[in-house]
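Participant: What follows is each chain in one-letter form.
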Amino acid sequence: MAAIEVEGLCKVFRTRIKEEGLKASFRALARPAYKEVKAVDNISFTVEQGEILAFIGPNGAGKSTTIKMLTGILHPTSGKVSVLGMGPATQRRKLSYRIGTVFGQKSQLWFHLPPIDSFALLGAIYDMDKAALKKRIDELTERFEIGDLLKTPVRKLSLGQRIRCEVAASLLHSPDILFLDEPTIGLDVVVKHRIRELILQMNREQGTTIFLTSHDTSDMEQLCRRAIVIDQGRIILDVPVKKLKYDYMNRKIIAVRFTSEYKLSELKGITPEKSGRMGARLSVDTRVCSIEEAMRWLIAQGGVADITVEDPPMEDIIASIFEGGGRTLNGGR
Amino acid sequence: MHQHVVRAMNVFRLIGLYFKVNLASALEYRASFLLQAFGMALNNGSFVFFWYIAFSQIGGRIGGYDFNDVMFIWALCSSAFGASHILFANMNSITRIIVSGELDTFLLQPKDVLISLLCSKTSLTAWGDFLYGFILMALTHGGDVPAWSMFLLGIVIGGLLMTAISVTAHTLTFYLGDSSLIGGLALEFVISFCIYPEGIYRGLVRVLMLSVIPASFIVHIPLKLARHFSPGLLLLLFAASAAYCGFAYVFFYRGLKRYESGNLIIARM
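In order, the protein sequences belong to chains F and S.
For the first sequence, my numbering assigns the number 1 to the initial residue and increments by one for each residue that follows.
For the second sequence, my numbering assigns the number 1 to the initial residue and increments by one for each residue that follows.
Chain S with its partners taken away, still in its complex shape (with noise of 0.2 Å):
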């Protein structure tokens, strides 16, 4: 026990190291972060003007959702896209870094290869959508504790998730070459289906938003546990959590088995 402690505590200190050196590097161009950063935040702002619009036209409920409710999938799919992208940004990149070989970086140090692949690069514009999930929360839930409690474990479940849905994806490159493009593809499809309302999905499509698709446990389960609290959805929710984070550790470390490191030059940005 003492030593998963350990290594927990290790791979926390290992993350925040490469945030601390990625975030310097970040802010060697201000003008460009900050720029970037609002520049998102603004970006994502537009959408709340289309909700409010839909909402205003149609009244009442959108597949049993009120306004509030959309934000706050909205603001819990932003800020954990964000967070995930802040410190993890190397998940876009996982084909590229197998394709190039950079991987041989990672693999001639003594620390988590995935852990640290993926932690050694930031995201500018991923500040913006962060913030954006705060300040839309901010405005629409104001003090409200349940709705902020679940938001702020939202973003690191949803974060997680989200990282290992790119993870999952851009590993198939180990098995059937380059995967980019489902790489790039795959998170985009999994968050078209968390910034709307459950209730529009009927059927399969449900089914498939708890098991291929993860997205009813990225935001739709959050806002329910914000909503309405219950220990065993929450509970189904950790564990749902870590059986996709679990699977894509293993996927990924099954597959660099298979490395076939190249020989591009190569330069840390």
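This is chain F alone, in the form it adopts within the complex (with noise of 0.2 Å):
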């Protein structure tokens, strides 16, 4: 059964312009010019229920909006959309207490006070009992870990300690999906596994479904089954991520610092992308050399500093994807 549906989605904002310098300030202010700016264009796709989504793209694409429309935040200039069988712009206040959503960039606990006081808050909001609340934070408070973090003001956690009691706060009146708007953002390597892991539990356990937008790859690889890939409010690219990743995510930049100047033999898949005294950036071509190989190749050439691998922003992804013909091989969705 569909948890989402999506059907020629639009939205489009409608945004003042302005020439350059104070003279055209005040042509502006007699006569304003205007331009719209389609921040989703004609979208359209189904998420069954239990599913985990990854709902990539670059800065800008349309991501957040999308999600923005799911929840009921912004109203559509035109599509359909069901969440739950519900209109979200209809029928906002009744969908809230079926969804929860995690924006990296905005907290739903209070900043001087600790998780504990917006625990109890939040479950008055969502009209849950006192016995059920109280259960079910022991229940998070143990899977997520935060004990001790419990009675700490928000504002003396660290980021990665604060989005493990934001994604707890979300769950508290167990949302049957769940909205993930770059929940890792600025998190570090560790904390953002650990965020992973619990997410993907939620999902093992309750069967919670889940709507991740990112533009971390390693977030979509990690999670996600299926990736719908969006760039300038159009969806690009609708696959498993298996697909995804064997057709246009194997690369991956290895930098590379020595102790001494260098001299690299040659090995297949390995291109250098920037080359200094000491040290030097390399792509791998995954499907040619494994990341395992290229380590160890590394290290044979000797004097290896610092080995750092990464992945190569999502910009580059999506350009590889224009390059393959993305447009197409979604079936013009």
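Quick caveat, the hints were computed from the structure, so don't treat them as lab data.
Source: prediction; values computed, not measured.
For each residue, glycine too, the CB sits at the ideal point set by N, CA and C.
Warning: the hint list may mix true and false statements.
Quick look at which bits of chain S chain F covers, simulated, 3 or more residues with Cβ under 8 Å [said to hold, decoys possible]: (1) 21-32; (2) 105-112.
Here are some chain F residues pointing at chain S (derived, C-beta under 7 Å) [as the list claims (entries may be wrong)]: (3) Phe-13; (4) Thr-71; (5) Ile-73; (6) Arg-93; (7) Ser-96; (8) Tyr-97; (9) Thr-101; (10) Gln-108; (11) Trp-110; (12) His-112; (13) Leu-113; (14) Leu-121; (15) Ala-124; (16) Ile-125.
Computed beta-carbon distance windows for the label pairs [claimed, not checked]: (17) F:Arg-155 with S:Leu-35: 50 to 56 Å; (18) F:Ala-131 with S:Tyr-175: 43 to 49 Å; (19) F:Cys-289 with S:Tyr-175: 56 to 62 Å.
Quick one: dock chain against chain with the hints and give me the complex.
Facilitator: Here is the structure:
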């Protein structure tokens, strides 16, 4: 059964435009000019109950606008949206009992208060009775390992600790769908991993549908089976993550620093992107050369001081999707 | 009817919940809380001195009011302002909340957006304003029951009217863009009409004070009722307050349909 159904969804924002300079400011005062920006342009997709979907794209692609229309924050310009059989724009309050949200950039916890106080207020906002709320807090405290944090004011928590409390807060009312908008933004690798584990656990144990937006490709790789790639408001790809990884995410970047001047031998699948006197950035085609192989080769060069492995930025992946004809791959959706 | 009662009870419950959380948040900084509250009460106290000198120099009445009448409108204005800002301090931040996209948090919750938004912050100095009115009333009106009754009722009505004025002005942001300046000035403008005797205003200004600028409904009519009670005038006061609050509420929700959420990094203070 579908948890989310979207058909021909569009969102157009009207933005004021102004030429450069003071004169233009006065002109705009008398005769303001506007342009229309299509933030979301005729998108259609379905998310099944219990599915974890990655909704990815570069900054400004329309990810957040879409999530805001799915949760009832924004009214669509046109198109149909159904979330758990409800229209988010018209049944926002009813729907909010059944969905949870984590916006990495927006906190629902009171900054000066310990999370336990925010949890109590949120429980009341969601009309939970005291016994049920206490039971749920105990359950989430254990799962998210936040027992020591519950009584510390949020302002004194680290970002990772705060996000764990944010996710727990969004799950207090046991939502059927969890919308996560950039949940791992700004987190270090270890904390990101922990948050992802917790999300997966929620999905496995309670069948929670997860709708994840991110421009961090590793979020998608580790959490999702299916990915929708959006760019400039349009869906350019709707495929299983495995296929996306094989077709478009077949490159890693290795930044290496040496203790002295170096000379690299050649290895198939590795192309230097940038070379300096004491270090280099190498592009690794993982279809030809595995990361393990590349590491062994690098160590064999001798005098390695530091190695960092990175994913290429989302913008590069989008570019490669376009080069590979991504627009036609999704069958015109 | 039963449904309306349940809805009203839920609203009061929500206000109460936010009040408790806000107070707990304010008490995280106890010293600052006490300093700001008493500082504001002292600041207000200086105006009593000014009016005392004015009355002793001129003698008799100013604009039809004696010293105690002026103290009544000052006390009422101060406590109504205090009450509204203790419970609904976010009325001053509506524009910022709209512009920054912070409204998202309230739209995602199953409660009334405007009430949640207004209640989710308290003002420390407002406690000083609130208490100051009571001290002034105790000093100038002692055990005058009609005056105290209208003072207490006036706090509720005046507080709601002040909130409605702020909400209406800030809601313009949905229609015209950043209206923080208008939002900030609107309430100050109305208050400046509340703290002088009604008799000094004439003609058109008097009409405005009973319409666009509801200053008379905040202080002058409650004073009239305290001195000479009239059921008709009381009904008018209720009706006018309901109309103002109703207008602000509908105006906000109409505007909300035009909301274009932003993406700034937000923490709830």
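Participant: Against chain S, run the beta carbon of Arg-93 of chain F and see if the smallest gap drops under 7 Å.
Facilitator: 5 Å, holds
Participant: Identify whether the interface hint at Ile-125 of chain F stands, where standing means a beta carbon of chain S within less than 7 Å of its own.
Facilitator: 5 Å, holds
Participant: Using the nearest Cβ pair, does His-112 of chain F come within less than 7 Å of chain S?
Facilitator: At about 5 Å, which falls below the 7 Å cut-off, the nearest Cβ of chain S leaves the hint on His-112 of chain F intact, so it holds.
Participant: If I claimed the Cβ atoms of Cys-289 of chain F and Tyr-175 of chain S lie 56 to 62 Å apart, would that claim hold in this structure?
Facilitator: 59 Å, holds
Participant: Given a cut of 7 Å on the nearest C-beta pair, is the interface hint for Thr-71 of chain F held or broken against chain S?
Facilitator: 6 Å, holds
Participant: Arg-155 of chain F and Leu-35 of chain S, beta-carbon distance inside 50 to 56 Å?
Facilitator: Given about 20 Å between the Cβ atoms, the range is violated.
Participant: Tell me whether the statement that chain F covers the region 105-112 of chain S is true, taking a Cβ distance below 8 Å and needing three residues at minimum.
Facilitator: With 6 residues close enough to chain F, the hint holds.
Participant: Minimum Cβ distance from Ala-124 of chain F to chain S below 7 Å?
Facilitator: Holds: closest Cβ of chain S sits about 5 Å from Ala-124 of chain F, inside 7 Å.
Participant: Have a go at the Ser-96 of chain F hint: is there a Cβ in chain S nearer than 7 Å to its own Cβ?
Facilitator: 4 Å, holds
Participant: Okay, Ala-131 of chain F versus Tyr-175 of chain S on CB: inside 43 to 49 Å?
Facilitator: Cβ of Ala-131 of chain F to Cβ of Tyr-175 of chain S: about 46 Å, so the range 43 to 49 Å holds.
Participant: Taking 7 Å as the limit, does the beta-carbon of Thr-101 of chain F come near enough to a beta-carbon in chain S?
Facilitator: Holds. Min distance 5 Å.
Participant: For the restraint on Trp-110 of chain F, tell me whether the closest CB of chain S is nearer than 7 Å.
Facilitator: 5 Å, holds
Going down the numbered hints, you'll see the structure goes against just number 17.
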